[in-house]
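Here's the letter readout for the chains.
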Amino acid sequence: MDFELSEEQVVLREAVRDFLARRWDAAHMRRALDDPPALIPAELWKEMGSLGWIGIATAEDVGGSGSDVLTASVLAEESGRGLLPATLSSVIAAATAIDRGGDALRTSVLPALCAGDHRVVCAIEEPGGTWGPDAVTLEASAGADGWVLSGTKILVPDTEGADLCLVAARTPAALGFVTVPTDAPGVTVTPMRRLDAQSIAEVTFDGVVVPATALVGGPERAEKTLRATYDIWTVLGAADLLGVAETALEMTTAYAKERTQFGRPIGSFQAVSHRLADLLVDVEISRSLLYAACLALDEDQADASALVSAAKAFASDTAVRATEAAVHLHGGIGFTWDLDVHLYLRRARAGAASLGDPDFHRDRVARALGRDRTDQDERR
Amino acid sequence: MDFELSEEQVVLREAVRDFLARRWDAAHMRRALDDPPALIPAELWKEMGSLGWIGIATAEDVGGSGSDVLTASVLAEESGRGLLPATLSSVIAAATAIDRGGDALRTSVLPALCAGDHRVVCAIEEPGGTWGPDAVTLEASAGADGWVLSGTKILVPDTEGADLCLVAARTPAALGFVTVPTDAPGVTVTPMRRLDAQSIAEVTFDGVVVPATALVGGPERAEKTLRATYDIWTVLGAADLLGVAETALEMTTAYAKERTQFGRPIGSFQAVSHRLADLLVDVEISRSLLYAACLALDEDQADASALVSAAKAFASDTAVRATEAAVHLHGGIGFTWDLDVHLYLRRARAGAASLGDPDFHRDRVARALGRDRTDQDERR
Amino acid sequence: MDLHFSPEDEEFRARLHAWLEEHAGRLEDAAGVMKGAGAANIMDAIQMARDWQRTLWEAGYVGLSWPEKYGGQDASLTEQVIVTEELAAVSTPPLINTIGLTILGPTLIRHGTEQQRERFLPKILTAEELWCQGFSEPEAGSDLAALTTRAEIDGDDFVVNGQKVWTSLAPIADWCFLLVRSDPDAPKREGISYLLCDMKTPGLTVTPLRNAAGGIHFSEMFFRDVRIPRANLVGDLHGGWQIARTTLEHERSGLSSVLALEQNLARLRRTASNIALGDGRAIDDQAISRELAQLWIEVEGLRHLGYRTLSDQIAGRPPGATASVGKLFAAQLRQRITHLALKIEGPLAPVTKKSPHVVERGRWNAAYFDALGHSIGGGTSEIQRNTIAERVLGLPRSVQD
Amino acid sequence: MDLHFSPEDEEFRARLHAWLEEHAGRLEDAAGVMKGAGAANIMDAIQMARDWQRTLWEAGYVGLSWPEKYGGQDASLTEQVIVTEELAAVSTPPLINTIGLTILGPTLIRHGTEQQRERFLPKILTAEELWCQGFSEPEAGSDLAALTTRAEIDGDDFVVNGQKVWTSLAPIADWCFLLVRSDPDAPKREGISYLLCDMKTPGLTVTPLRNAAGGIHFSEMFFRDVRIPRANLVGDLHGGWQIARTTLEHERSGLSSVLALEQNLARLRRTASNIALGDGRAIDDQAISRELAQLWIEVEGLRHLGYRTLSDQIAGRPPGATASVGKLFAAQLRQRITHLALKIEGPLAPVTKKSPHVVERGRWNAAYFDALGHSIGGGTSEIQRNTIAERVLGLPRSVQD
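Chains as they are written, first to last, in the working numbering: chain A, 75 to 454; chain B, 75 to 454; chain C, 558 to 958; chain D, 558 to 958.
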């Protein structure tokens, strides 16, 4: 029994933190709030590829590092801490989809993807006011030369550098990802922008023709692959938010020790210190849930999806509370453009409402608990 | 424009507070937690009758004081403060039902009722997991000698001294109160007990025969009378809870000034003082909503029911928060039997879940807001 | 107890209502200007805003509580309330000289010399002179009395050195009222003076600050040997703290903020009815519908609290707990409305205003940042809880100094 | 990272499981006894509870972390966890001598003399001697170090005078461990000693206190010239504060409280599925179903926090923030579960257990009072927030003394 990061994972965390501190500046995000959106430069991307980060959770035979979701979460958490665009998380998730799908794409796409020479993007969400695979309505209908896709995806991250799009669709064979080259005829990309300067887009598909072999995982494994990928992406989103929350708490704690009002450091007032103590509790619970969810995914446990939802719901609430407290407890200065505090607030708010907001995930947990109960009743 | 109590109402409040301080001891409620339930003695009841309190909101021609719901709320609030059983509120409400019903009962029942010689009780709630007139299922079916009532009422307060019961029923003519003598054949009273030692009962009706004239207000005014009475009773419940909340806040504030820990009065710690400040805010908002609701009832405004729900929802939450804080901030001593703090907590908890809990009333407000919106849409 | 207005008051309201209908066009221009749209350049916009305030004043709807001799209306409290309500009902923009109207004006009426009143008050009303406030400093936020901007007397002048921050309107203001430390040796609340400074005085420079929402609302002001004539001292030398405190405490019934909250909430209900969330519309989500109901309850609570404050004022009773309570409650309510708004927007909450699919052009994200700023500016919620604990509940001070 | 137990551990679990099945009858008796039912009189009940603890000890499932020479098991941490989990899974009652087992035992193992260990430890394990704790005093609640019970040295004895309060089990305990002020002139944390007192010593009287829920759980203890031999001093003279503090800080992984919370929550889900509320069953109310989900999330969070604490202990790493965090979070969670329970009961929440229509014989009202008491006893949540702020976050002290 050992429920903490391994030594290797701790070393990786330090390495990532150092690397990002040297190679990525939060000020990029501030500038990007004006225009254009924040992107990871190609050379940085390539470097992360050579460090083995992009294929962290992808098998070694196709260029990945062969590690697990828990290790990937270390990268996501540090991306949150360092305000690196979350492209890394989304590509890590996309790579696992192709890896698990296990078809010809594995060998054709993954080596270049893991090396950082090539990017893949997942297009899942639609304009229906909710999230995730269950809400996918985009249909691939049978056509003369394969399948024909029509419909709209939104909130698609980082289309800029991507040449391949994994589109969640209801095909004649199964619900699953269909691969579509981003330059295929009928694909239109319209930029959107996130509150925290990250790049997102609307992608529309107007009679886009793909072969039936484009279904990732084939009819049998397509849906499972899509759902597993969404879970992995979601848990990386939770890790990102944990990094945001913990950093906000650290910044605010440091400020509370040093800022003096009424002749005392403000951290000696219980209105401040108790709020920070409560946030520490939330951060520690978030971390515990994150580990639980990653482990459940890595061990393919039956309750993995419920734990993923638990981790995401709790981390979202924690990040919003922590960053709002950070703005508030920094006082006027916390509300200025030049301090990084609002960048964390923006990322927390944006992340909390991406990949399912807390109520979405609580409802998912409620359904899972309901199924458990029904199962038990039936077994009696 | 004057939105505070009149001088007369302020004088009445002082008089009631003095009277209860002399004539009613909170210790009665503590003893009653063991057995038997707390009842207002007949002589005290009679005295309140002669002071004009029982018929406070009843017309003068039948022995009432001819005052209004707002003035009645002063009595209810002081009952909460003084931990007097809430019988007074329920009988005040019942008296307004008969007064507004305007039939023969007015002259036959009200003079003795207002004088305190006679008690009437309202039986509205049923075992269906919700509250109020809309949930009434008890049916009065047409029989040879009038109507025949069968069904179960629960949470009926203070049946002990009552000779007449106003039973909310769906009659062939209308939804409304039907008067039933408590000793009529087929009526069975089974005692229940409230958390705060107040007397309640289950009353079952098994083929109880009543004449069609027993419908209070007759077919035209029966439903309106029932609903108005429930609103009045509910707003008096809110006033009672406000009295409880304010008293708990005062007790705790006094304790926080005097109790010393770590060399300082505990009221100088923000963990204590800010919690008390927030409670003061809640108490003041509760009071404002109470006045708004009473005035709306007294002026028969269209939004009266929504404001009644607003007052009850907010006062319930406030009373629970205030009394839980009182227990907590008194520390160990607040959790002892001999201190009155838990008596207020019990009354708050019991009152908050009577006459509709906060969610019930929020849903009622939501429906009222929905109707407004629909009305507006239709007018366009 | 009654909430009715007298027939005279209702007549006053009818006249105002008619006037506003007549000026509806001007009104929309002004509203556009305050939102930074519709005017060719910023100086035009400011001029339009000044003109709008002047027009409103000429019609008799600015400075209602002020004495007639300084251009005010000597109006009754109920008339003030009616003006507030009617202006809010047609969503007029805030008046450009609000700081002068609500803070400096009442201060001068109470503590100014006759000469100061005659000199400054009329031009506040007409917006001929715009005012800004120099109270906060980088090291003196919640602990305002810790301010260190120094003023030394040199002949007939104060010579001021130091820095102020979080100043609204500084780049366009004509005058500034500020607090300075005039006696560094006195206990901290007893060595402060209250001065009026012409913004064109040499040595005074203004640097705009960008806020977290990206807008420019505040500035820093730097004073380097700025000379202010002694005639511009308000009240007693070293007596500025008491003056500033009474102004800050000069709480109003808060009814105008209620009206803004009510309009926001009504708009949010419409948003919730129109937007998809989960399995249906947002408003079909039971938790959201209940929270909307709860917010309506709280807005009603705040409104009726305001009526109680106003009743005390009308009756000349000492203000009870209600005034300080309203301010704290309103700040929280404002935040909760925007929190719920973001929840209602669901997946679209993170989308900014230039994107396809954005909800109502990003209004709720803007409102969210605004509300966050509000609980800091003008006294944090923590300071307000301290105030209630000490002054209303009579608890011992948690902040010793 | 893995949460699996070794094959040896799983074998240990299987043996325990079999043992528990075999003793299921005894178990139910004991559970009934702890709830005050099924035994003819209270003394019989206590004897049954003592017997149950002894039986469990004889089987090797009490005192797992204690050295074998004093009757303990010298077991591994994972074995301790397994025992906790399995006992919770079959809902065994808490052991009657829990205070002795969890507080005094570890203290004596660490700070006692060899003679004290040999004399006292075995009889704690077998429940031959029941222990109670005399720490709190009426004027020293959260500020425990302010205690005033005096101990003066007279020959070979301490002579103790004063009053203790909130003592569990005092009427039936054989021994008491207590803190006394042995040096009134020293700074308040440096003049305290830690003593062991036979409850039959002349001058010691016990008065039961009734709590807000109506039960008798606590007592007051009065000391009038109570003589305690010097041999019963634990640790150094005047060194009692440090000893008590390290014991209070000797946090466990908290996994046993998780199991209790989990069972409570599962039961509440069943209640919600069966009870009518509003238009359907309580669980059909979206807000209630979401809150049940949220509570499940938080119980899972607490459980996995416990695994992290345990992992640190197993690996011999210094305990991180997790231990103090778990205690605060668990107290809040316990209250929130009972709050939700009362909401789910709806109109029946105020009905007491002797009434028709009462839900599950009033279990949730009892749990509600229990949970309220929990956030006071053993250090209020405020004190725990102070501790986290100071010791984990390193913030300056808010409480000066």
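Be aware that a few hints might be false.
What the hints assert, rightly or not - Derived BS3-like pairs: lysine-lysine, alpha-carbon spacing no greater than 25 Å straight-line: (1) C:LYS626 with C:LYS680; (2) C:LYS680 with A:LYS331; (3) B:LYS331 with D:LYS745; (4) D:LYS680 with D:LYS745; (5) C:LYS745 with C:LYS680; (6) D:LYS626 with D:LYS680.
If you're looking for bench data, these hints aren't it; they were derived computationally from the structure. All values derive from a computational prediction rather than experimental measurement.
Hints versus structure:
1. Proposed proximity of LYS626 (chain C) and LYS680 (chain C) is supported: the alpha carbons are some 13 Å apart, at most 25 Å.
2. A C-alpha spacing of about 46 Å is found between LYS680 (chain C) and LYS331 (chain A), which places the hinted pair above 25 Å, so the restraint is violated.
3. At roughly 23 Å between alpha-carbon atoms, LYS331 (chain B) and LYS745 (chain D) fall within 25 Å of each other, so this suggested pair holds.
4. Simply put, LYS680 (chain D) and LYS745 (chain D) have alpha-carbon atoms about 33 Å apart, too far for the 25 Å limit, and the pair is violated.
5. For the hint pairing LYS745 (chain C) with LYS680 (chain C), the CA-to-CA distance comes to about 33 Å; that exceeds 25 Å, so the pair is violated.
6. A distance of roughly 13 Å separates the Cα atoms of LYS626 (chain D) and LYS680 (chain D); the hinted pair therefore holds under the 25 Å criterion.
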